[in-house]
Amino acid sequence: MKRPGSALVMVLYLLFLLIPIYWLVNMSLKTNAEITRSFTLWPHDLTFQNYRTILTDPAWYMGYVNSLIYVVMNTAISITVALPAAYAFSRYRFLGDKHLFFWLLTNRMAPPAVFALPFFQLYSSVGLFDTHIAVALAHCLFNVPLAVWILEGFMRGVPKEIDETAYIDGYSFPRFFVKIFMPLIASGIGVAAFFCFMFSWVELLLSRTLTSVNAKPIAATMTRTVSASGLDWGVLAAAGVLTLIPGGLVIWFVRNYIAKGFALGRV
Amino acid sequence: MDKSWNNRAWFLVLPVLLLVAFSAVIPLMTVVNYSVQDTFGNNEFFWAGLEWFEETITSERIHAALGRQVLFTAIILAIEVPLGIFVALNMPKKGFWASLCLILMAMPLLIPFNVVGTIWQIFGRVDIGLLGRTLTAMGIDYNYTSDWLDAWVTVIVMDVWHWTSLVALLCYAGLQSIPEAYYQAAKIDQASRWAVFRYIELPKMRGVLLIAVLLRFMDSFMIYTEPFVVTGGGPGNSTTFLSIDLVKMAIGQFDLGPAAAFSIIYFLVILLVSWVFYTVMTNLDREDRP
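So the sequence lines, in the order shown, correspond to chains A and B.
The first sequence: position 57 = 57 (my numbering), numbered continuously.
Convert by adding 267 to the 1-based position in the second sequence; the result is the number in my numbering.
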């Protein structure tokens, strides 16, 4: 249905979303002198020095590398363990299934602040403190339940007859799962991976608590450098802009599934 | 879909179970363990019983933080849910513009929490921020670092900026599933715009709206990083929400016992509310299916 004024509403809303981001980009292209001394709506004294600082200093760019390493690890682990579990929930009834499903969801509801300190102690005691795998495992806390939830939603939409036909044709379960079933829910896997990537990428509290030097994420680098060097606005803004890029790329790849994915496959 | 009874499905769930047990149950047990003990350092612990729980339940500091948290979450839900529905109703249905809107709207969702904080910290500053500068130029005395009302408004606008798109995208997904025939039928009946919304669109969005409210409730109740970066919980304690207070207590002051008791109560509150939502949701699911 065509609604009058809907274009106007969308333009206003998107402006509201984009202006703060524009301001960040704007600041990242200015020199610090221009930022603090004059107030300009666009950079008069265009400079890429802030970006150069970040891309040439290992203390900065290793932050991005660390973040990407644990995010990718987390996504791989989450999807791998969630696939069989989601299949079980979507196809079978078993002892305690409903309770188990809700219990999994409760982990998505646990405030990271509650877990920060115990995680620190747990991973320190098993010698995983300040490693990428520690952060990846910690983020499984909220990503695995979410992945199971999304995948279960997508799997429910695949008729059970397909499974039965495959078994009659002599497929073993693992072969059926990889060869036939996974391609059928490829978009669901994509969406689940997108969500795991997203929530792991944006999380700061746990990743900061569990790392000190070797696996320090970019988000933590930003907060620490700010306090150390006395507010270098331009570099801070440039670092912020660079954190937008991975997310932007990922959205581009899943843009056709994003709406369905946000409904967790339940539409 | 009718599912068959098969207890061997447990083997498929086992990997998830082990992983989540490692990353959730063990830490949770640690928290429970601390919540009933007291320490004077040196790793010596004493049984404290329910002392910390009593202290938490009667603590005025935590009451105040809880009050702020409930108020914050209520305001967030009251703004974001109607606004999200409104935006979803106005989104283009398909084609290039729909894709563009989707991508732009998903942008704020993929920004790391502390960068969201940084964006608004910079944006709102009176000296270098567009928002702060504009408001000052309009003659409004705005300063989020010293005035509690300004701090609240900034944090709320920031959250609306950050998360309204999630509600909108969920509702949009719900709207997409409405067959065109429904609208045509409504047109023939000469249904008003309001009637179309009330009797066609809203019922179809019911399921996704519940997911949206559930997610927004959980996440706003746990909010930590964004207000921490922007206001640091201040001015005074005016934007110290539950998580900020908890981290202050556990990592700042290292009061393990009280922090642990606080954590458990905090978790139980979220759990209780989420359980209500979840039950309503699964019941709706059952009704929808013939």
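For the record, the hints were derived by calculation from the structure and aren't laboratory data.
Fair warning: there could be bad hints in the mix.
Computed footprint of chain A on chain B; a stretch qualifies when at least three of its residues, placed anywhere within it, have a C-beta under 8 Å from a C-beta of chain A [what the hints assert, rightly or not]:
no.: 1; region: 292-299
no.: 2; region: 317-325
no.: 3; region: 330-343
no.: 4; region: 361-371
no.: 5; region: 406-414
no.: 6; region: 496-506
In this text, all values refer to a predicted model and were calculated from it rather than measured experimentally.
Beta carbons: idealized from backbone N, C-alpha and C, even for Gly.
TODO: Check whether three or more residues of the region 317-325 of chain B sit with their beta carbon closer than 8 Å to a beta carbon of chain A.
DONE: With 0 residues closer than 8 Å to chain A, the region 317-325 of chain B misses the three-residue bar; violated.
- [ ] Take the region 330-343 of chain B, compare each residue's beta carbon with every beta carbon of chain A, and decide whether three or more fall closer than 8 Å.
- [x] violated (count 0)
Open item on the list: Please verify the coverage claim for the region 496-506 of chain B: does it have three or more residues whose C-beta sits within 8 Å of some C-beta in chain A?
Closed with: Violated - the region 496-506 of chain B has 1 residues with a Cβ nearer than 8 Å to chain A, which falls short of three.
Open item on the list: Cut-off 8 Å, C-beta pairs, minimum 3 residues; does the coverage of the region 292-299 of chain B by chain A stand?
Closed with: holds (count 5)
TODO: Examine the region 406-414 of chain B: at least three residues should have C-beta closer than 8 Å to a C-beta of chain A.
DONE: violated (count 0)
Task: Verdict on chain A covering the region 361-371 of chain B, criterion of 3 CB contacts below 8 Å - done: n = 5 at 8 Å, threshold three: holds.
Violated hints, listed in ascending order, are 2, 3, 5, 6; each of the other numbered hints is respected by the structure.
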